[in-house]
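A.B. asks: Take a look at the letters that make up each chain.
4 protein chains.
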Amino acid sequence: MKKHLLLLTLAVATTAVFAQQGRVFETRTVKSEILKMERRYAIYLPPDYDHTDRSYPVLYLLHGAGDDHTGWVQFGQVQHIADKTIAEGNAAPMIIVMPDANTKVRGYFNQPDGSFDYERFFFDELIPHIEKTYRVRSDRRYRAIAGLSMGGGGTIYYTLHHPEFFAAAAPLSAATENSKWTVRQGTTEQQTAYTRMHTLDSLLSQTASDEYINRIRQVRWYISCGDDDFLSRHNSRLHILFLDRQIPHQYRVKDGGHTWSYWRMELPLVLEFISKSFMQF
Amino acid sequence: MKKHLLLLTLAVATTAVFAQQGRVFETRTVKSEILKMERRYAIYLPPDYDHTDRSYPVLYLLHGAGDDHTGWVQFGQVQHIADKTIAEGNAAPMIIVMPDANTKVRGYFNQPDGSFDYERFFFDELIPHIEKTYRVRSDRRYRAIAGLSMGGGGTIYYTLHHPEFFAAAAPLSAATENSKWTVRQGTTEQQTAYTRMHTLDSLLSQTASDEYINRIRQVRWYISCGDDDFLSRHNSRLHILFLDRQIPHQYRVKDGGHTWSYWRMELPLVLEFISKSFMQF
Amino acid sequence: MKKHLLLLTLAVATTAVFAQQGRVFETRTVKSEILKMERRYAIYLPPDYDHTDRSYPVLYLLHGAGDDHTGWVQFGQVQHIADKTIAEGNAAPMIIVMPDANTKVRGYFNQPDGSFDYERFFFDELIPHIEKTYRVRSDRRYRAIAGLSMGGGGTIYYTLHHPEFFAAAAPLSAATENSKWTVRQGTTEQQTAYTRMHTLDSLLSQTASDEYINRIRQVRWYISCGDDDFLSRHNSRLHILFLDRQIPHQYRVKDGGHTWSYWRMELPLVLEFISKSFMQF
Amino acid sequence: MKKHLLLLTLAVATTAVFAQQGRVFETRTVKSEILKMERRYAIYLPPDYDHTDRSYPVLYLLHGAGDDHTGWVQFGQVQHIADKTIAEGNAAPMIIVMPDANTKVRGYFNQPDGSFDYERFFFDELIPHIEKTYRVRSDRRYRAIAGLSMGGGGTIYYTLHHPEFFAAAAPLSAATENSKWTVRQGTTEQQTAYTRMHTLDSLLSQTASDEYINRIRQVRWYISCGDDDFLSRHNSRLHILFLDRQIPHQYRVKDGGHTWSYWRMELPLVLEFISKSFMQF
Numbered sequence: 023m024k025k026h027l028l029l030l031t032l033a034v035a036t037t038a039v040f041a042q043q044g045r046v047f048e049t050r051t052v053k054s055e056i057l058k059m060e061r062r063y064a065i066y067l068p069p070d071y072d073h074t075d076r077s078y079p080v081l082y083l084l085h086g087a088g089d090d091h092t093g094w095v096q097f098g099q100v101q102h103i104a105d106k107t108i109a110e111g112n113a114a115p116m117i118i119v120m121p122d123a124n125t126k127v128r129g130y131f132n133q134p135d136g137s138f139d140y141e142r143f144f145f146d147e148l149i150p151h152i153e154k155t156y157r158v159r160s161d162r163r164y165r166a167i168a169g170l171s172m173g174g175g176g177t178i179y180y181t182l183h184h185p186e187f188f189a190a191a192a193p194l195s196a197a198t199e200n201s202k203w204t205v206r207q208g209t210t211e212q213q214t215a216y217t218r219m220h221t222l223d224s225l226l227s228q229t230a231s232d233e234y235i236n237r238i239r240q241v242r243w244y245i246s247c248g249d250d251d252f253l254s255r256h257n258s259r260l261h262i263l264f265l266d267r268q269i270p271h272q273y274r275v276k277d278g279g280h281t282w283s284y285w286r287m288e289l290p291l292v293l294e295f296i297s298k299s300f301m302q303f
Numbered sequence: 023m024k025k026h027l028l029l030l031t032l033a034v035a036t037t038a039v040f041a042q043q044g045r046v047f048e049t050r051t052v053k054s055e056i057l058k059m060e061r062r063y064a065i066y067l068p069p070d071y072d073h074t075d076r077s078y079p080v081l082y083l084l085h086g087a088g089d090d091h092t093g094w095v096q097f098g099q100v101q102h103i104a105d106k107t108i109a110e111g112n113a114a115p116m117i118i119v120m121p122d123a124n125t126k127v128r129g130y131f132n133q134p135d136g137s138f139d140y141e142r143f144f145f146d147e148l149i150p151h152i153e154k155t156y157r158v159r160s161d162r163r164y165r166a167i168a169g170l171s172m173g174g175g176g177t178i179y180y181t182l183h184h185p186e187f188f189a190a191a192a193p194l195s196a197a198t199e200n201s202k203w204t205v206r207q208g209t210t211e212q213q214t215a216y217t218r219m220h221t222l223d224s225l226l227s228q229t230a231s232d233e234y235i236n237r238i239r240q241v242r243w244y245i246s247c248g249d250d251d252f253l254s255r256h257n258s259r260l261h262i263l264f265l266d267r268q269i270p271h272q273y274r275v276k277d278g279g280h281t282w283s284y285w286r287m288e289l290p291l292v293l294e295f296i297s298k299s300f301m302q303f
Numbered sequence: 023m024k025k026h027l028l029l030l031t032l033a034v035a036t037t038a039v040f041a042q043q044g045r046v047f048e049t050r051t052v053k054s055e056i057l058k059m060e061r062r063y064a065i066y067l068p069p070d071y072d073h074t075d076r077s078y079p080v081l082y083l084l085h086g087a088g089d090d091h092t093g094w095v096q097f098g099q100v101q102h103i104a105d106k107t108i109a110e111g112n113a114a115p116m117i118i119v120m121p122d123a124n125t126k127v128r129g130y131f132n133q134p135d136g137s138f139d140y141e142r143f144f145f146d147e148l149i150p151h152i153e154k155t156y157r158v159r160s161d162r163r164y165r166a167i168a169g170l171s172m173g174g175g176g177t178i179y180y181t182l183h184h185p186e187f188f189a190a191a192a193p194l195s196a197a198t199e200n201s202k203w204t205v206r207q208g209t210t211e212q213q214t215a216y217t218r219m220h221t222l223d224s225l226l227s228q229t230a231s232d233e234y235i236n237r238i239r240q241v242r243w244y245i246s247c248g249d250d251d252f253l254s255r256h257n258s259r260l261h262i263l264f265l266d267r268q269i270p271h272q273y274r275v276k277d278g279g280h281t282w283s284y285w286r287m288e289l290p291l292v293l294e295f296i297s298k299s300f301m302q303f
Numbered sequence: 023m024k025k026h027l028l029l030l031t032l033a034v035a036t037t038a039v040f041a042q043q044g045r046v047f048e049t050r051t052v053k054s055e056i057l058k059m060e061r062r063y064a065i066y067l068p069p070d071y072d073h074t075d076r077s078y079p080v081l082y083l084l085h086g087a088g089d090d091h092t093g094w095v096q097f098g099q100v101q102h103i104a105d106k107t108i109a110e111g112n113a114a115p116m117i118i119v120m121p122d123a124n125t126k127v128r129g130y131f132n133q134p135d136g137s138f139d140y141e142r143f144f145f146d147e148l149i150p151h152i153e154k155t156y157r158v159r160s161d162r163r164y165r166a167i168a169g170l171s172m173g174g175g176g177t178i179y180y181t182l183h184h185p186e187f188f189a190a191a192a193p194l195s196a197a198t199e200n201s202k203w204t205v206r207q208g209t210t211e212q213q214t215a216y217t218r219m220h221t222l223d224s225l226l227s228q229t230a231s232d233e234y235i236n237r238i239r240q241v242r243w244y245i246s247c248g249d250d251d252f253l254s255r256h257n258s259r260l261h262i263l264f265l266d267r268q269i270p271h272q273y274r275v276k277d278g279g280h281t282w283s284y285w286r287m288e289l290p291l292v293l294e295f296i297s298k299s300f301m302q303f
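Chains as they are written, first to last, in the numbering used here: chain A, 23 to 303; chain B, 23 to 303; chain C, 23 to 303; chain D, 23 to 303.
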């Protein structure tokens with residue numbers, strides 16, 4: 023009897039241990055035909071990943087300007103925070119993909135002349151690569167996107183361009199005003215078209231089709247920016263614009279600036295928010 | 023004999039217990055020459071009030087439209103929350119005055135024609151009455167103002183009209199756009215002058231004097247409004263306007279609507295925030 | 023039986039309530055023949071004071087420059103902190119006297135010409151008044167002194183001048199270098215003599231008698247000053263000087279500046295430290 | 023069959039358990055051309071090290087006089103403390119290198135005649151060896167140094183000699199006054215030059231160039247020493263000297279002596295302090 027008890031104890035201990043720690047791989051690569059180069063990404067695999075055949079929901083988590091795919095790993099402490107939030111039962115086990123958009127060009131977007139089209143790479147090559155390489159659930163309802171600063175901007179525009187791709191979007195301290203970024207290439211027509219696609223006022227203008235706005239409303243949004251952040255004003259404008267267009271969203275303003283402290287504070291709440299999509303409330 | 027002992031014991035215990043809780047008086051009155059009537063107010067006296075000669079800082083806490091001086095007592099649970107926040111050491115013992123602005127006219131303000139001047143009553147009669155009747159510290163640095171909805175609007179405009187009166191101001195879910203309220207009385211000139219004094223854009227316009235804006239900057243501001251509140255957009259505009267005029271302020275947006283749950287959640291934080299003025303950080 | 027149980031319950035409840043709250047009187051006065059005026063003080067009486075005939079140890083707690091006897095009451099939250107520290111069993115019930123040294127002259131000291139001798143008032147009039155008026159244990163071992171900034175300086179020099187008066191001394195963020203204060207009155211000889219008595223280097227010089235230094239060593243010292251305090255350097259010098267003269271003392275440097283946050287953080291530790299004298303370890 | 027299952031379960035559990043704790047290797051070696059010998063070091067690898075491709079920040083942690091590379095392992099409980107601080111989220115996962123400076127000569131420095139140049143070994147051989155052998159992030163912002171007693175002295179002088187190498191420096195109970203150590207070798211000129219480089223007053227004298235002092239100011243400093251430590255006086259002088267030269271630093275004095283209790287109490291705070299560099303606040 024004691025022997026059985028021992029076995030049982032061991033089995034339980036083993037299970038408990040498995041439940042506790044995911045793994046981060048800092049530098050994996052994907053070949054891009056579109057960009058004609060290899061692009062790097064970091065990836066978090068949830069605690070059970072190697073000991074099961076489960077498929078997992080996936081979060082694409084975007085870094086800020088001047089940073090790369092290791093930012094969320096090192097400064098954002100993504101492993102510690104994801105492990106803890108999952109262990110506490112506040113987030114569903116998920117895969118987190120952190121691509122490197124340190125492109126020396128325009129971050130998450132293409133140039134107006136269409137060159138170096140990172141956005142097309144993201145949707146046409148990176149996502150398929152991830153879904154082919156890892157056990158990822160590929161329905162929209164299992165896919166979310168989040169990011170900070172320039173990556174918050176990426177989160178917003180990727181979702182506005184492709185709302186059918188994401189169940190939830192969580193821009194943090196987002197750089198919302200891409201139109202002011204230097205546009206280096208292309209004809210005047212190209213630049214005008216580009217600006218229209220990378221400006222909130224254009225995309226969400228009163229002349230935008232109801233059909234389009236309705237698709238944006240299907241995404242669950244979590245928008246957060248500290249009240250001392252130099253982007254706080256822009257995020258308040260985003261809130262007002264979403265209210266104007268009746269796009270349901272969560273909006274949070276907490277004490278803080280444009281700092282990793284703020285983003286580490288928000289990351290568990292982002293994981294919890296998107297897990298409500300993954301776990302169907 | 024035992025019975026007498028019991029009575030004695032109870033009497034002593036009762037006194038001692040009072041000393042641990044503050045007390046709320048729901049309806050006290052002050053005679054107003056200005057308004058030509060008696061006005062009511064509720065008052066919270068801190069735990070020690072009756073057993074010491076101390077003078078206390080004071081918070082003027084304003085109710086919303088359609089409510090009266092009992093709102094913060096009944097719905098806001100001011101006694102429970104103040105007692106608890108003080109007992110935890112997060113707030114300084116203070117007196118809280120809750121005036122009745124249920125004037126059936128225009129809440130905290132006068133009419134454009136100058137009739138029913140509640141604001142003049144507040145500064146010229148109510149504050150002096152309180153400081154004469156209770157042991158109140160009467161320096162600016164021991165006086166704060168807060169309020170919800172219409173009372174948040176009162177908090178903002180009273181402070182913008184008389185910044186030298188308040189160390190801290192905490193508008194919650196504030197109705198900021200008084201200019202749109204119906205103005206019932208007065209000539210066109212009077213209405214224009216009135217609107218200028220009760221509109222944020224006028225008071226804080228770029229043509230406002232540096233001297234005036236600097237006085238506004240001396241006040242410590244705590245502005246909070248839920249993201250589901252129908253006034254959320256106006257409060258985000260207030261945040262942007264304060265940023266434009268470089269008026270330091272705390273801004274918070276949390277999950278919630280125009281509800282007493284939100285205000286009860288915020289009240290301890292308001293008491294803590296203004297106590298930082300009262301306790302000199 | 024139930025009735026007895028009820029009585030017992032009530033008795034216990036009463037006791038528990040008594041154990042919980044002291045009282046602060048903010049403004050009491052003592053007539054001074056020496057200063058030819060009335061001087062004010064605030065006083066904290068411990069929880070049981072009115073319900074017993076006990077005598078209590080006493081702490082003299084000095085305010086800083088520009089403040090008065092109400093500083094520790096309002097900003098220092100002395101009642102809340104003393105009540106809590108006593109209730110937790112970390113401090114002995116004690117009386118705390120906070121005199122008003124806002125003399126517009128030289129704070130805790132006399133003028134070089136001997137005029138306005140606050141120090142003589144303190145020892146010859148205030149202490150006797152307190153011991154006559156309240157149930158105070160008057161042995162040295164039940165008497166302590168503490169203070170902040172200028173009051174930390176007062177704590178140090180009062181103790182160096184009268185070590186036989188105090189079991190423990192706790193200067194916080196002390197202004198140690200009184201010699202640099204403006205000396206307004208008196209002859210050159212008087213000023214020289216004055217400086218000798220109000221300078222650490224003079225009082226604790228290597229030529230000071232062993233007998234004197236030994237008396238200083240009998241006092242239990244707790245010295246604390248934040249590392250961001252503009253007086254931090256002077257307090258480190260005090261530590262070194264005490265080490266040089268082999269005067270046993272506790273020295274603490276924590277994160278913080280010349281702020282009430284620091285002093286509120288230290289007050290419970292001061293009460294605990296001096297209570298070790300009062301409770302005989 | 024059950025037995026096999028048990029073995030399997032144990033094997034799997036073991037792997038998983040390793041993943042939750044870091045590992046310490048007590049004695050690894052590096053060949054030194056400079057010292058013409060093998061030198062030993064202990065190393066802590068963080069929890070995930072063997073199950074990921076991540077690169078980690080690195081802390082060089084120096085032992086005291088008479089001790090060796092095993093001191094922090096055995097007496098300092100580095101594994102337990104690092105594991106716990108990382109698991110609590112208060113420190114970033116990092117590699118900790120503990121070199122053996124038990125050279126029977128002069129600890130962390132060379133002789134005045136240049137012989138046995140441990141410092142050159144440290145910078146030119148040990149650091150490159152570590153960065154080649156382990157997955158270490160080699161930017162300055164991912165490198166810190168700390169140490170106790172003689173190792174606190176090493177921390178200070180290594181950082182003063184090479185400020186561009188370290189994001190943060192944490193000398194504990196530091197032996198700051200190297201100039202008084204016996205200098206056994208070299209000509210008078212060599213000894214003078216040596217003293218100049220190993221004396222705080224020389225390195226940080228008022229004639230030191232602004233450019234040099236500014237480089238020292240770029241390092242984040244955490245200085246701590248118990249008030250009963252025989253080196254407490256020297257550390258207070260260090261604090262004063264840093265204040266004189268306006269070098270920002272944290273300074274802590276807590277109750278305690280020159281003991282491992284003090285250093286074990288401080289180690290988690292050191293890891294937390296330097297992690298603020300590693301995690302970008």
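It is worth saying that the hints were derived from the structure and are not from the lab. Please note: incorrect hints may appear among the correct ones.
[Stated by the list, open to error] Quick look at which bits of chain C chain B covers, simulated, 3 or more residues with Cβ under 8 Å:
hint, stretch
1, 42-51
2, 99-109
3, 258-264
Only a predicted model underlies this, so the values are computations on that prediction, with no experimental measurement involved. Cβ atoms here follow ideal geometry from the backbone N, Cα and C, with glycine treated the same way.
A.B. asks: Decide, hint by hint, whether the structure agrees.
C.D. replies: Verification of the hints:
no.	hint	verdict
1	42-51	holds (count 7)
2	99-109	holds (count 5)
3	258-264	violated (count 0)
In this structure, only the earlier hint numbered 3 is contradicted, and the remaining ones agree with it.
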